[in-house]
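The primary structure of each chain is shown beneath.
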Amino acid sequence: MHEVDKTRRRMIFRTLQGVTLTAVGGAFWAGFVHENAQAELVLRPPGALPEDEFLATCIRCGLCVSDCPYDTLRLGAYGDDVPVGTPYFKPREVPCYLCEDIPCAAACPTGALDLLGLTDEEGELDVSRSRMGVAVVDYNNCIAARGLRCDACVRACPYIGDAIFVDTRRNPRTGKHAMLVPVVDADYCTGCGLCEHACVTEKASILVLPRDVALGKAGEHYDLPAPNFSPEVPENEI
Amino acid sequence: MKSRLRYVYDHYRFLILRRTLQLGILLLFFGANAWGWSLLVGDLSSSRLLGKVPLADPLAVLQLLLAGGALAGQVLVGALIVLVAYALIGRAFCSWVCPVNLITDLAEWVRNRLGFREPPLMYLNRNLRYVVLAMVLVLSLLLSLPVFEFVSPIAAASRGVAFGMGMGWALLLAIFLFDLFVVRHGYCGHICPLGAFYSLTSRFRRVRVRHEKDSCTLCGLCFNACPEPHVLNLIGKHDGTVNNPECTNCFRCVEVCDDDALFVSLSGGWSK
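Heads up: the sequence lines are chains V and L, in that order.
Going left to right, the first sequence walks through residues 1 to 238 as our numbering numbers them.
Going left to right, the second sequence walks through residues 1 to 272 as our numbering numbers them.
Among the clues, some could well be false.
Claimed, not checked - Listed below are the simulated SDA-like cross-link pairs for lysine to any residue, each with C-alpha atoms no more than 20 Å apart in a straight line:
no. : chain 1 : residue 1 : chain 2 : residue 2
1   : V       : Lys90     : L       : Gly164
2   : L       : Lys52     : V       : Asp114
3   : L       : Lys52     : V       : Ala106
4   : L       : Lys52     : V       : Leu115
5   : V       : Lys90     : L       : Ala34
6   : L       : Lys213    : L       : Gly164
7   : L       : Lys237    : L       : Asp259
In case anyone wonders, no lab produced these hints; they're calculated from the structure.
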């Protein structure tokens, strides 16, 4: 009777040891994974699913990186502050040049980069539907907004006139010059970062942020007309 | 000279082939990203062979499916190809493809060279890997993330070679030191959930090591060379094949055997 008891006690103890180790190990593991997956400021390639779906779909193979002709894309390594193994780009270093055939998304074997979202009604690929992020202007440091004649970002934009345009204003300091203030329309901006790449200030004064981070949400109950950014310039002044 | 070549062939033919394949795959991955080679593009998580054939790590795919990823057919086909291949040839990924095997075998080589015969720092059960595998699956489901892919030294090594290592070398160094000083065959033989996964899928493999008892002199060379020596439980006892699916089919035992008592058996048999 005593023998049986001891064996059973030993079994229970061993089981509890195993369960404890598994639970503690699992908690640390889950903690690391959860922490590593939080990277709010990461810019993904064209066609990327929403971030949480993307992280559950991307197999971290790097085919998008290999097939990118401009060496824009990189795979996150340990220490990069990017969920490890996932593709991203830094537009200030190399922006996305918006290839018409979108080779990165076409290479994706899992659908984490989804060509469906980049296809128009006729079934043609349309890279302008990419929403990698949105350009945001720091008007305190943009030299155009401070009166210098610069339109580097506007000229760099492949969707000039839609995604970004110049808002000409009178320069109140001199009283006779124009200011060429760049304005971004988030409804058209792809987040390719050509503007950020082209910006001439020491640290870019127009930069791409993930749309989740940069954009607000008005809410369904506002029934308002679409935003109108076009500057009202009287015909005779053009 | 001829006998020298003969010796190398007899004792190292599989080892040379394995190292060639392991390093060749890494070179192809590196060349694909660095110089635009198209033979094998990607990394060990998923790749594209000859510009067309998709290949994918079935355990990575399983994690993504558990995480709720709506995967495209291409990667599912790739995982199926790899799964079927290793179901037929056994757990050969570990000894013929995996770059971590280079590191752990190096640790074992150093260990032997320096004559470390100390008892292990801790005792690990070889079945721990199945617990780790179960944790991978459960945590992937709970976190909606492929949890092993965040920490896998296998992915870190192949991805690191192809796309940049970052701090990944620290993980690989840790495994080297763990195998060298803490537990012999520690990572591959006790912890790795991918090895556990391929052990489970190798039950009906068609390639096995075959043993002929009558030729065996019980010298023990095979046991010393084997990374999973418990699979050699038939040595000197009876004729037959190594049926434990934890055998990685590295064939080190076959080439170190001086008694013609171990062979590669291609027909294989259904394990009982």
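* Honestly, which of those hints from before does the structure not fit? -> Structure breaks hint 6 only.
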